[in-house]
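*Asks:* For reference, the chains in residue letters:
There are 2 protein chains.
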Amino acid sequence: MTEKNPLNGINVEQMFSAIEFFKNQPALAKFKFRATNKWIGGTHNQATVKDFYGAGQEDVSREAMMFDLDEPPRLCGNNLGANPVEYLLVALSGCLTTAMIAHATAKGIEIRSVESKYEGDLDLRGFLGISPDAEVGYEQIRVFFKIDADISADQKEELVRMAQKYSPVFHSLTKQTPVLVQLERK
Amino acid sequence: MTEKNPLNGINVEQMFSAIEFFKNQPALAKFKFRATNKWIGGTHNQATVKDFYGAGQEDVSREAMMFDLDEPPRLCGNNLGANPVEYLLVALSGCLTTAMIAHATAKGIEIRSVESKYEGDLDLRGFLGISPDAEVGYEQIRVFFKIDADISADQKEELVRMAQKYSPVFHSLTKQTPVLVQLERK
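Residue numbers (the numbering used here), protein chains in the order written: chain A, 51 to 236; chain B, 51 to 236.
Since the hints were made in silico from the structure, they are not lab data.
If you're wondering where the values come from, they're calculated on a predicted model, not measured in any experiment.
Keep in mind that the hints are not guaranteed to be accurate.
Since the list gives no way to pick one copy over another, a pair counts as held whenever it fits inside one copy or between any two copies.
Cross-link-like lysine-lysine pairs, in silico, DSBU-like; alpha carbons within 30 angstroms at most [as the list claims (entries may be wrong)]: (1) 157 with 88; (2) 196 with 80; (3) 196 with 167; (4) 196 with 225; (5) 82 with 167; (6) 215 with 88; (7) 88 with 196; (8) 225 with 80; (9) 196 with 73; (10) 196 with 215.
Throw the hints in and build the complete structure from the sequences for me.
*Replies:* What follows is the structure, encoded as C-alpha cells:
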C-alpha cells in the first residue's frame, strides 16, 4: 500500500473532494448521459456522444465522438464496426475496470495492471424472431479478471466484488433497467 | 412498399436464407460475442473486439477494433474516450436501430431515414458508494425515434415496438442478465 498522489493515475485529492462535493449536494450527483444515432444503411449505423448534464449544469465542452456499428458478413453486414452486443461488452468492460480502479484507489491499493475478458451467449433465433423459446438478450455473460498488485488473493477477490458492487453498467444489466422507447411525432 | 433487393441496404435474399439456415439448425444460431479490456491508467482503459463464435465455427477474419474509454474531467478523467455508461447508450442505439431496420425489411417496408436520441439518468452517489439509497445503474433510459418512410403513424409505432421486441441489447437491459465475474487464478 502506498499513499502516492496520483495513485493509479487518479488524483486522490480530487477524487475525495468530488466525493465530498456529491455527498453534501445530492442533487448535483444526478447526471444525464446521452447519445444519438443515425442509420446509414443496412446493418450500419453511427452513434454520436458529446454533451452530458451533471453537477447541476450542461457540459458541452467535449468534441463529438463517433462510433460505427455494423454486423459481420455472416449477419448480413460489412464489418464497418463492432456490432451492438459487442459494444455492450465494451461498456461493461470499461465500467467494471473503472469501478475496480476507483475503489482500489480509495483504499490506497496500488495496482500494476488489470486485464479482463468478456464472453456473452446470444441465441440469434431471438433477434430473428424465429423461435419464441429463444431468449432475445444475452443468456449469460462471463467475465474473467487478471489483477497484478502486491495484495493477497483474498484482496483481489474483494476488488472483483467491489467492481460489481459499484459498476453502473453491471447494475444496469443485472437489474431490470426501465427503457422507455417512443416515436417522436412532429 | 417496394420489393427491391437490396431493400434498405440489406440483401433480402441473403437475409431470408440466413433465417432459414438458423431455423433449420438451431444449434448454429448459438453465438458467442467477446471483448477484452486493458486498464491504461486512472479512468482510462481500452477495449478490443475481434473474434466471435457463430454458425458452428470461430470467426477470426475481422481486424481488431479498439475502443478507448475514459471519463470527463468532472469525473476525474481526461476525456480520452466516451465513458462506459455512454458506450451502453451507443450499444442500445445500434441495436434498436438494426432490429427496426431488419424487421422493416423483412416486411418489405422501405425506410428513408431513422434517427434516435438516448438519455439515461445516473445518480453518481451509487457509483461512489456514498449512499445506499442511490441506484448504481441507470435509473431510467429514454429513447426517441424519428422515422422517415411512406407509412402511417401506426405503422411507425409498430416499427418502434418491433425494435424493442427483437433488440438483444434492449432485452439485456430490461430483463435481468446473468453476469458472472471471476478472478482468473494462475
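*Asks:* Given a CA cutoff of 30 angstroms, do residue 225 and residue 80 count as a within-copy pair, a between-copy pair, both, or neither?
*Replies:* both (19 angstroms within a copy, 24 angstroms between copies)
*Asks:* Pop the pair residue 82 and residue 167 into one bin, within, between, both or neither, using alpha-carbon distances up to 30 angstroms.
*Replies:* Answer is both: 28 angstroms inside a copy and 13 angstroms across each meet the 30 angstroms cutoff.
*Asks:* When no copy is named, should residue 88 and residue 196 be tagged within, between, both, or neither for a Cα gap of at most 30 angstroms?
*Replies:* This pair counts as between: shortest inter-copy Cα distance 10 angstroms, intra-copy 37 angstroms.
*Asks:* Between the shortest in-copy and the shortest cross-copy C-alpha distance, which are at most 30 angstroms for residue 196 and residue 80: within, between, both, or neither?
*Replies:* Answer is between; shortest inter-copy Cα gap is 27 angstroms, intra-copy 32 angstroms.
*Asks:* From the Cα coordinates, with 30 angstroms as the cut-off, is the pair residue 196 and residue 215 best called within, between, both, or neither?
*Replies:* Within one copy, since 18 angstroms is at most 30 angstroms while 36 angstroms is not.
*Asks:* Could you figure out if residue 196 and residue 73 sit no more than 30 angstroms apart (CA to CA) within one copy, between two copies, both or neither?
*Replies:* neither (32 angstroms within a copy, 39 angstroms between copies)
*Asks:* State whether the alpha carbon distance between residue 196 and residue 225 is at most 30 angstroms within one copy, between copies, both, or neither.
*Replies:* both (25 angstroms within a copy, 29 angstroms between copies)
*Asks:* How do residue 157 and residue 88 come out at 30 angstroms by Cα distance, when the copy is not named: within, between, both, or neither?
*Replies:* Cα proximity of residue 157 and residue 88: across copies only (21 angstroms, versus 42 angstroms in one copy).
*Asks:* What label fits residue 215 with residue 88 when the C-alpha limit is 30 angstroms: within, between, both, or neither?
*Replies:* between (34 angstroms within a copy, 20 angstroms between copies)
*Asks:* If the cutoff is 30 angstroms on CA atoms, where do residue 196 and residue 167 land: within, between, both or neither? Let me know, please.
*Replies:* within (9 angstroms within a copy, 36 angstroms between copies)
Hint check: a violation occurs at hint 9 only; the rest are consistent with the structure.
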